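**Q** Chains Z and L are the protein sequences, given in the same order.
Following this note's numbering, the residues of the first sequence are numbered contiguously, the last one being 2073.
Following this note's numbering, the residues of the second sequence are numbered contiguously, the last one being 593.
The set of hints was computed from the structure by calculation and includes no laboratory data.
This one's a predicted model, so the numbers in the text were calculated from it and none came from an experiment.
Quick reminder that beta carbons are idealized off the backbone N, C-alpha and C, glycines included.
It is possible that part of the hints are untrue.
[Stated by the list, open to error] Chain L is faced by these chain Z residues, among others (derived, beta-carbon under 10 Å):
no.	residue
1	I1484
2	L1505
3	G1507
4	S1548
5	A1628
6	D1659
7	E1663
8	L1713
9	N1794
10	H1817
11	H1819
12	D1822
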Amino acid sequence: MPNNKKRRGRLSFKAMMKNLGRLLKIMWKEYPVHLILVVIMTALSTIASVIGSVFMGRLIDFIDQDLLNGATTIEEANFAKLGEMVLIMAAIYLVGLLANYAYQRMTAVMSQGVQKKIRDQLFNQMESLPISYFDRRSHGDIMSIYTNDIDSLREMMSRALPLVLSALISIVMVFVAMIIQSWLLTLVVMAFFVIELISMYIITKNSARFFIAQQRALAKADGYIEELTTGQKVVKVFNYEERAKKGFDSLNEELCTYTTKAQRFSSILGPVTNNLGNMQFGVLALIGAYGIINNVPGLTVGVIVSFLSLSKAFMNPVSQVSQQINLVSMALAGAERIFALIDEPSEQDNGYVTLVNAKAGEDGNPVETEEHTGKWAWKHPHAADGTVTYTWLKGDITLDHVDFSYIPGKQVLKDVSLYAKPGQKIAFVGPTGAGKTTITNLLNRFYDIEDGKIRYDGININKIKKADLRRSLGMVLQDTALFTGTVRENIAYGNPNASEEDIVNAAKLANADNFIRMLPDGYDTMLNNAGAGLSQGQRQLLSIARCAVADPPVMILDEATSSIDSHTEALVQEGMDRIMNGRTVFVVAHRLSTVQNSDAIMVLDQGQIIERGDHESLLAQEGKYYQLYTGGKALD
Amino acid sequence: MKILRELAHHLKGYWGQVIGAWVAVIIEVGCETTIPFMMQPMIDEINAGANDVGKIWFYAGWMIGLAIVSMLGGFLGGYFASGASAGFGKNLRQGMYYKIQDFSFENIDKFSVSSLVTRLTTDITNVQFAFQMILRMVVRGPLMLVMAFTMASITCFGLSWVFLIAVPIMGFGLVFISIKVHPTFVKVFNTYDDLNNSVKENLEGIRVVKSYNREDFEKEKFGKVSYFIYQNFAKAEKLLAFNTPLVLFTVHGTILAISFLGAHLIATDFFAEASNPFTVGELSSFFTYTMQILMSLQFMSMGFVMVIIARNSAERIFEVLTEKPSLASPENALTEVKDGSICFDHVSFRYSASGTKDVLHDINLNVPSGSSLGILGVTGSSKSTLVSMIARLYDVNEGKVSVGGEDVKSYDLKVLRDSVAMVLQKNTLFSGTVRSNLSWGNENASEEEMRQACEIAQVADHIDSYPEKFDHPIEEGGTNVSGGQKQRLCIARALLKKPKILVLDDSTSAVDTHTDALIREGFKSKLPEMTRVIIAQRVLSIKDCDQIAIIDDGKIIALGSHDELLKTSKVYQEVYESQLGGGGDFDAE
């Protein structure tokens, strides 16, 4: 079972880079212009801000030295030059500002667009995956790819990537700007840079440790809360409140301890970087002063002032990037899961036999037509001689020595053979886990058999296109999945082209019409949360109607075991009986009446058909079926 | 405001740390705003040729000293704030959890379990995080603003008015953007629910999707929602893209304005030969004040956004904290239940939420101690509600429910519920072991007692088949045992309470008929004094009861023994016929 703990595993650096590369490739493919422009604009905005800082120093120097140079009255001061400089700076800042806006805006579009692209790709891929994929994973895990993983990807694309890019550019630029102005002061900044890196390394390493402990404690506490609160009514009934509190308290206390520790450690970083910067100011001024005294060439007050802001501009991106590291590695771990799903192999379909509308030709054999005749035929092209043959869709099914296992080596079905003539009803009975439902899942190729053959109207089902095979097989499953939408839409799910009349007729056939009309908006009533407002029985009636509207020649029914009240059960049963009429039906049976009315009953045990026959002959055998049948009455 | 006051209660025990954090912040801000104050004479000194190195050392020393103090202030602030916010989260979580333990069924129904879980987890995490962010910001932001402005004014009063223009521009701009963006974000998050819902439906209904070949339809549906999110999220982020340019605009605009005006001032002062002229050093410290003032504004606007986001969570926590438990033990409560007799005397009940319609109407029942009552009825006929009254999970609106001859309202709740064991329809096992689950019924039960209970519940053989016996692990929700075993374990758990009354609410539906009968047999022979109330869908499960009540639409429409009802009740005859006369159960588990 996959669980949350595993999801938090960290990726190797190599794997992270691979995911990053793939992500960038997607961005490049979807938004080449945006991507280029974002890089250019980010660079522009960064450069503007660096130039701004340098220019600031020039401005101070100018005010300090040239403004009043040679002037004897205030009128003679060189205000024109001052105005010019301020305007130039304003222009530089404006360019930076516009570039900043532009890249943020484009990043928004790009990151959202790429996100959408990935989301759609995920979903499209998911829809094409074989059923076995869904058996192996918990729904929660798949859901969290759509929510958490995509979300951290967005954070990375819209925040971290531009930030890292601008940080890199600005570090290089600032360094160049510094070294041009004064190697001496650059040395000071580099010394502080090293100190900052070291302290940052120590702090983040430790706080990461506590942070993980905190996350774990939080998961534990939330898990406890979730489990116990879900069972809160049981808690009340068993007077368990005090013990529940005790269990809660110890987890809560633990969480508090780790949270405190983690937060304390991580809150050190801010003051350290901040005040290292402040100390740096002092040291810069001091060394700068000595430099000026000793006539170090090129060193002026303006240079010192501009170093004050340059040193900040050098340090800030470093600490900003360090704050993104966690986010980026989380996002790339998420990307790993996203890409894993996208790379998951789709359900294979090598079928070439298709289902076509047909009418009877002169010899009674089917002839393909365009129009909807209500009759169908299998169109079977033969590659060997290039001919095409047509076979009527009748609903004749045979299983020939079928073996199957979900997990290789653990055989679920052994040597199962059976046949169903068109219009026959075949019931499967047997204990839980005997393989009843498995057989029905093989017919529509949710799973592929290991050995043996399944034939549909004499055609090996592996040759039939899956979509057409499934179109010809109706399913009413135990768990009646309904979808958000109106009742009408849910019924029409089985046949999107169904007319209003078809839908109502199907509902009537399924005994669902009455209750639907009682709903607030009748057929237009919205169903939310998988039909949460409906009773189990009503949901079943809807799923029968859904199948009826598809009008398939072969049906697979899985009777519900869960208790529904007798009245609704009678309705469901009646609906089922009506829809079974005239079709080939495979039914995983739980009710005696269904079993008794079947043309053939297969008694399964441990993946094998151990008895077969009709009700009377099976009773006469006095075998397993007899036991099952009389078991319920043994105590009468 | 009420919400804030309620939340503030939960700072109990941590006010010291809150104050400590604030004091530390004041020290920190004080130092940070004084540093540029020290810088300006130093720069002027350098500017003047750095003749007095001692003076430069003095100022530099001060600066470094202040930076160290400020760092210590920052450490302490972080130290206290972390403790306070973690403690606040702890208290809030505890307060809420304890509160929920006092909730009656009615309270729980009102909120719904899943909503309670969200409030206890996500909402608390949100509020705790916001608190942690805001705790220092509420002091730091305004204080920094005021201090930096004051320092700037002291440095040069004639220039500080620039801030009076810059601050409102930026402040209003930032708040305007946040307010403008918020509704779009709300829309986006709501659409996220649709998206998740779509994924969830497809996960749950993947077989339906595939068997009806509706993959393309589902893709299209999903694509629409996905596009909507893209559109709105991009819209919101495009608006947010104004944030940084706005900050840059104000910061740079202010710096340029100050440079220009400052230069004029320097010139004017120079020629006016002012006694205290404006200097280049002062100008450069103005730049630092500009950053401090405007950055504190930006932080405050972030705090503002945080509050907006956390507000909904805080409201939902508040609702739980202020909810009044609708049931409580009376004063001078009875502490002993005499026997297992049950009496309903003209009982009517309605769920307060759903209003006017009686869910139970004029129910009269008399169940002698040690006898059994079977209840039959269609879904929604209020069978479960009826039996809930026995353990006083809800209070009646009219009439009286008595247990052991006394009104259930006169008992201590704990005593009553210890005597009335209920096996609810929605059974839950908890993660742990078989033993830990059984111990819910009786903390101090010996293994011998557990074994007896399990034998009666017909689950002892299963337990013996596990290598770890009673220490066999149970997963959350009991997902690793079959439905039938789960129900039997739940019955054993209830039996361990040694109850005077046992209520089974459709608790053997997944147990085969034979075992079901053995369980009932066990009750009769091993626990003859225990009154049994059994709700079932299967007639077999209740037909041997001393009395059988048929419920329809909240009313008892027939009452009597099996034989009597077969003669008198048409409904009973029909049900009996349909279930045992050819339409019965063919479950073979």
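**Q** Now tell me if each hint is right for this structure.
**A** Now for the hints, and whether the structure bears them out:
no.: 1; hint: I1484; result: violated (14 Å)
no.: 2; hint: L1505; result: holds (6 Å)
no.: 3; hint: G1507; result: violated (13 Å)
no.: 4; hint: S1548; result: holds (8 Å)
no.: 5; hint: A1628; result: violated (14 Å)
no.: 6; hint: D1659; result: holds (4 Å)
no.: 7; hint: E1663; result: holds (5 Å)
no.: 8; hint: L1713; result: holds (8 Å)
no.: 9; hint: N1794; result: violated (16 Å)
no.: 10; hint: H1817; result: violated (20 Å)
no.: 11; hint: H1819; result: violated (25 Å)
no.: 12; hint: D1822; result: violated (31 Å)
Checked against the numbered hints given earlier, the structure breaks hints 1, 3, 5, 9, 10, 11 and 12 and satisfies all the rest.
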